[in-house]
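S.K.: Quick note, the sequences are listed as chains A and B, same order.
Quick note: the first sequence uses the working numbering, first residue 41, plus one each step.
Quick note: the second sequence uses the working numbering, first residue 97, plus one each step.
Hints in this document: simulated from the structure, not taken from any laboratory.
From a predicted model like this one, the values you see are computed outputs, not experimental measurements.
Note that CB positions come from ideal geometry on N, CA and C, so glycine has one too.
Be careful, since some hints might not be right.
Here's a subset of chain B near chain A, in silico, CB distances under 7 Å, partners left out [claimed, not checked]: (1) Arg511; (2) Glu515; (3) Arg741; (4) His743; (5) Leu780; (6) Leu787.
Cβ-to-Cβ under 10 Å is the rule here; a few derived chain B residues that face chain A [unchecked claim]: (7) Asp203; (8) Ala736; (9) Ser737; (10) Pro739; (11) Asp786; (12) Ala790; (13) Ile794.
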Amino acid sequence: MSIPSDPQQPLSRRQARESGYPVPQSQQPAHGSSAVGSQPSGAQAPFISSQPAAPAGRQGVDPRIQHVQRIAENARRAMNSVLDGKDRVVQIALITLLAGGHLLLEDVPGVGKTLLAKSLGRVVDGSVKRIQFTPDLLPSDVIGVNLFNQESRHFEFRPGPVFANIVIADEINRASPKTQSAMLECMAESQASIDGTTYPLPAPFMVVATQNPIDMEGTYSLPEAQRDRFTARVSIGYPDQASEIELLDHHVDHDPLAKLPAVTSLEEIMQAREIVRHIGATHELRAYIVALLEATRSDPAVALGSSPRGGVQLLRAAKAHAVLHGRGYATPADVQALAVDVLAHRIITHDGEDHEHAAEIIRATLSRTPVRS
Amino acid sequence: MNSRLWIGTLAVIASMSLLAVAMSSVFIDFNWLPPVLIIVLVVALSGALLRMSSRIQASGLTVLLQLVIGLITVLILCVPHTLAFGILPTPASMFELFAQLGTGIDDMYKVIAPADSTPGFTTILIVGFGLITMLIDGLVSDLHVPKVAGVLLLLVYCIPVFLAPNELRWWHFAAVGAAFIVLMLTPYFEQAESFGPLPPLLAGGLALLLGVGIPVLLPDVSVRPPRQSQLADITVVNPFLDLRSNLADQSDKPVFAYSSSDPLQPPIRLTSVSEFDGQTWKPAEFDIDPFAIAVDGLPNPQGVSTDTTTTEQTMNVNVGGFDQSYLPAPYAPAQVDGVSRRWIFDKDTLTIVGNGEIAADQEYSVTYTSVEPTAEELESSEPVTAGQFADTLALPDDMPSVVSDTADEVTAGARNQWEQAVMLQEYFRSDQFEYSLDAPEEASSDAIADFLSEKSGYCVQFSGAMTAMARSLGIPARIAVGFAPGEETGENAYEVAMSDAHAWPELYFDGIGWVRFEPTPGGPAGTPPPWSQTDGSAGAEDEPTEEPTEEATEEATEEPTAAETTPAAEDETAGADAEADGMPLWWIPVAVLALLLLAALPALVRILQRRKRLGEPLDPEAVWEEIHALGVDYKLAPAASLPVRDHLDELRAAVAEQSSDANADYLPAVFEDLGEAVDQARYLDRSRSDLKHAAPHIDKAGIDEAVESVRAHYDRVTPRSTSLLARLWPASVFHRR
C-alpha cells in the first residue's frame, strides 16, 4: 500500500500523486500506539492521540462514522502529499473543519501556512478566497460593499472575499483592529451585515487565519475576543531535515497545488459535520471538561483562564476527534489529545504571551485534573 | 472530601454515644460513662485527623496510629498512676491494665446486672468501646460499609440483652436503633453535602437528643428493685418433693458416676431442708452471696471444733443428664475443682448452687471434710441453746403430740442427746418398721403421726419422723436430700441412678457439727454410720481403734493448719493468682489472635472486594476498579488524570511482552474490549445518538486471566517486599473512592 508522505518511501508518494490519488476503499489507520510527536510524518499514524483508533472496518462501528473516517483519511493523505511532514497540523485542520470551527495558524513566515490553508480548500472542493491583511485594509474590503447601480437605480451588494467556503485570512494580525473585528461577526455567526442587511455566508464556512508572531514588525496583537473565536491555534514549525529536502525537490520547479485533486465534496463535509454534531457527551465527560476549564482559571500562573466558549469548542473538537477514531462517543482521551491546541491561546498568562509557556500550563492542568471526580 | 470524612466521624461518635446509653441498663450508676465517652471521642477524632493526611491514609497507617493513641488514652483513663511523666506507658501500666481487666471479668461472674460500675468493669468498657469505635470508624470511613458497622452495633447491644434483660426499657432499644439509623444514613448525609453541613448535623443532633434526652425525662434508676431481691431470683426446685417419683424411677441410666476411696461410703448430698410448715419440708431461704464461689473453697462446716475427728477425702464426680441447679457433693465440701465460678454456696447448709448453671455434664472433684466423731466425742457434747438454732428446732403448732410422746418414750433412759439420737435410729431400724414405697407421698405433720402408727414408709417418712422427733427432744435437726452411695461398678467407682434418690436426717451436736443418721432400714439406704450404732461401741470400737488414733495425730498436726489456712488462705491466693498471672496467660493468646485478625482484615476485605468486582454478571466499571485497585496495592496506581483506556493500553503492552505464546494473541484483545466497555459505559450517550454501537464482549475467563496477568506483571516489576505487602496489607482497601 502506498504511503504518500512516508519519508522512507519517497517514490511511492510521487507515484500516488501522479495517479491522481485513487481513493482506497478501506482505509485503516494502523494499529499500534504511537505518540504524534514521535512519528511526525506517518500518515499511517492515527488521528492525534496516544491511543489506537478503532479500525474503520471493525465490526460494530456505524457505517456513517466509517464514512466520515474515510473522507477525513483521504483528505489527510492528499494534504500530506503537499505539506511534507506536517501531519499533525493537517489533522488539526481537518478536525477543526469537521467541528465547524476556525483555525489560527501562527508561525514565522514561509513555513507553509498559506499552503496548508489552500490545500484544505482544495481537497474539500469548495470556494477558497484569500485575504491578505494589511494595515490599510478596511472592513468593506473584507465583507463587501453596496454599490449604486446607475441602470437599476438601486444599491447592489457586491460580496467581498469573505463569501467563500474557506477564507484564508493571511497575516491577520497586520490588519487594524477595526478590520479584525469585522471578521468577528462572520466567524461567530456565519453571516455578514452591510448597511443593515444580513447576508448568510456559504456553508461550510471556515476561516483559516495565519498570523506572524507578535514580536515581528508591523503587527497588531489579535484582540482576545477574536482569538477566542478560533477553535484551535497551531504552529506549523520548520520541517524536519528529510522533509525539507523533499520540499526543495517539489516546490522549486512547480506549483505543488496544481495537481491536488478534490477528494470530497462540500455536501459530504456538511453531512460529516452533522454526524459529529450528533454524538452525545455524557454528564461525566462534560464535568471533566468543566473541571479542566476551572483548573485553568484557578491556576496561579494564569491571569485569565479559558472562557466557557473554550469548553464548547473543546467538546466539539473532541467529538470530531472521536468520530475520526471510529467512536460514536467522546472520551477524556479525545479531550486530552486536543486540549493544548484548543485552550492554550485562550488563556492569558502573567508571563506575557509565550506560546510554549501557555501550552505547558495547559499540559500541567491536564495532568492534575482527574478524569473522574 | 473532608466534609465527607467529618460526617462519617460525627456519625460514629453519635452512634457510639447512643450505644453507651443502651449500655447504661447494666449499671446502677453513671460513673463509667464519662471515660467511655472520652475514649470514643479521642479514637474517632484522632481517626478523622489522621485521615486528613492523604499520605498517612494511603499508607494504611491510620489504624495503627489510632490504635496507639487509643491505647495511651486507655492507660491515662484506667491506670494513670503507672504512667511515666503522666503520659509514657511503662511495662507496669500494661500489667496493671490486664490485672484490671481480669478483675472486671471476675466481677462479671460475681454480680448480676444492674451492678455498680467497679473499676474493673469501667476498664473493660473503656477498652471495649475504644476497640469497637476503631472498628466502626474503620468500617465507615475507610471501607465505606456503614451497614456492617450497624450490625456490629446490634451485636454489642446483645451484651445488655443477655446481662440485664430485666433492666432493658424501650428507650435502651430506641437508643441503639437511633445509633443504627445514624450509621445507615451516613452515606446519605455524605451525598447531602451540597446542602451544606446543616442537615446531617441536625439529624445527628436529633438522634442524639432522642437517645440521651428521653432517658433523662423518664424515671429510671429509682424504679429499680433493690439488688438483693434480684439476686434471690435463682430458682431451685425442692428436691425433697421429687423423692417419691425418683425412687420409683426404673431407668438404669446413671445420673452421675463418681470415684471415691472413702470407706464410709457417705450418701451424696444435694442440699438440706430444714423448714417445716406442717405440710412439707422446704430448704431454708438463704441470701445468695455471689462472692461465695465454690471453686475458691468453702468455709469450715458449721460447729465442727478442732477436737472433732475428721478426715479429708476426695471424690471425683462425673455428672450425666441431671438438670438441677444443685451440685452433688458429700458433706462437708471444702473445695470444688473443675466447675465455673458461677457455682456458689450457702455457708450454713454448704449447698452448692449454680448461678444460672445446671449440674448436667459437669465434671469436677470435691474435697470434703468427712466428720467422723467418736462415741466419746458425741457423748461429751452439751445440748445447744435454743436461740441460735430456732430454725432447726422449730415444729409446727399443729404437730400431733404422738410425735413428741413417742420420742420421749423411745429415748427414755438416755443419758445424753447422742444416746437419744442413737435410740431413735434404733427404734426406726427395729423390726417394727418396714420399708415400703406404698406410703402416702405427703410429708405433713399428720403424715408423720400416721407413719408412727402404720410403721411403714420410705426415706421421706423415716427421715421426716426422726427429724421431727429429734427436734421435739431439743436436738437441732434437718433433712439432707441427695443420693445414696449407689452401685459399685469397680474398685472405688460408683454409679448413681435416679432410683438412688434418698433423704436422711442430719442432727447437730455442739462442738461436732451436723452428723448424719440413717433411720431408713431399706431401699437404697446404705449402712448406718459407725457413730450411730446401737451403743456406740460397734462403730466406735472397730474404727476408732485404727483410725481415730492415727487421725487424731494427723488432725492435730495437719487439720488446724489445713482447715484454717486452706479455705481462708486459698480464698486469697487463688483469687490473687487468677488475677496476677492466670489472667494475662489466657489474655495474651486472645489478644494476639484478635490483633492477627485485625491485621488480616484488610486482606480479607480485599479478597471479598475482588470476588465481588469480578463476579458475574461482569460490570466493566467494576473490573476496571479491580485493576485500578491492583495498581494501588502495588503502589503503581495510574495518575487520576490518565484516561482508563490509556492505562489499559499501557498494561496491555506490558503484559504482551511477558505473556506466553498461548494467550499472546487473545489477551490484548481482552484489554481492548475492556477499555471499550468502560468507555462506553461512561461516555456513550445512547439517548442522544442513533449511531449503532456494538457492545464489546467481555467474558469472565478472559477477564480473570487478564487481571492475573496484570498482577504477574506488577509482581515482576516491583520488589518482593512490595508484592508481599500488596497481598497482606493491600493499600487499596484504605483508598478513598
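S.K.: For which of the previously enumerated hints does the structure constitute a violation, in increasing order of number?
M.R.: 1, 2, 4, 7, 13
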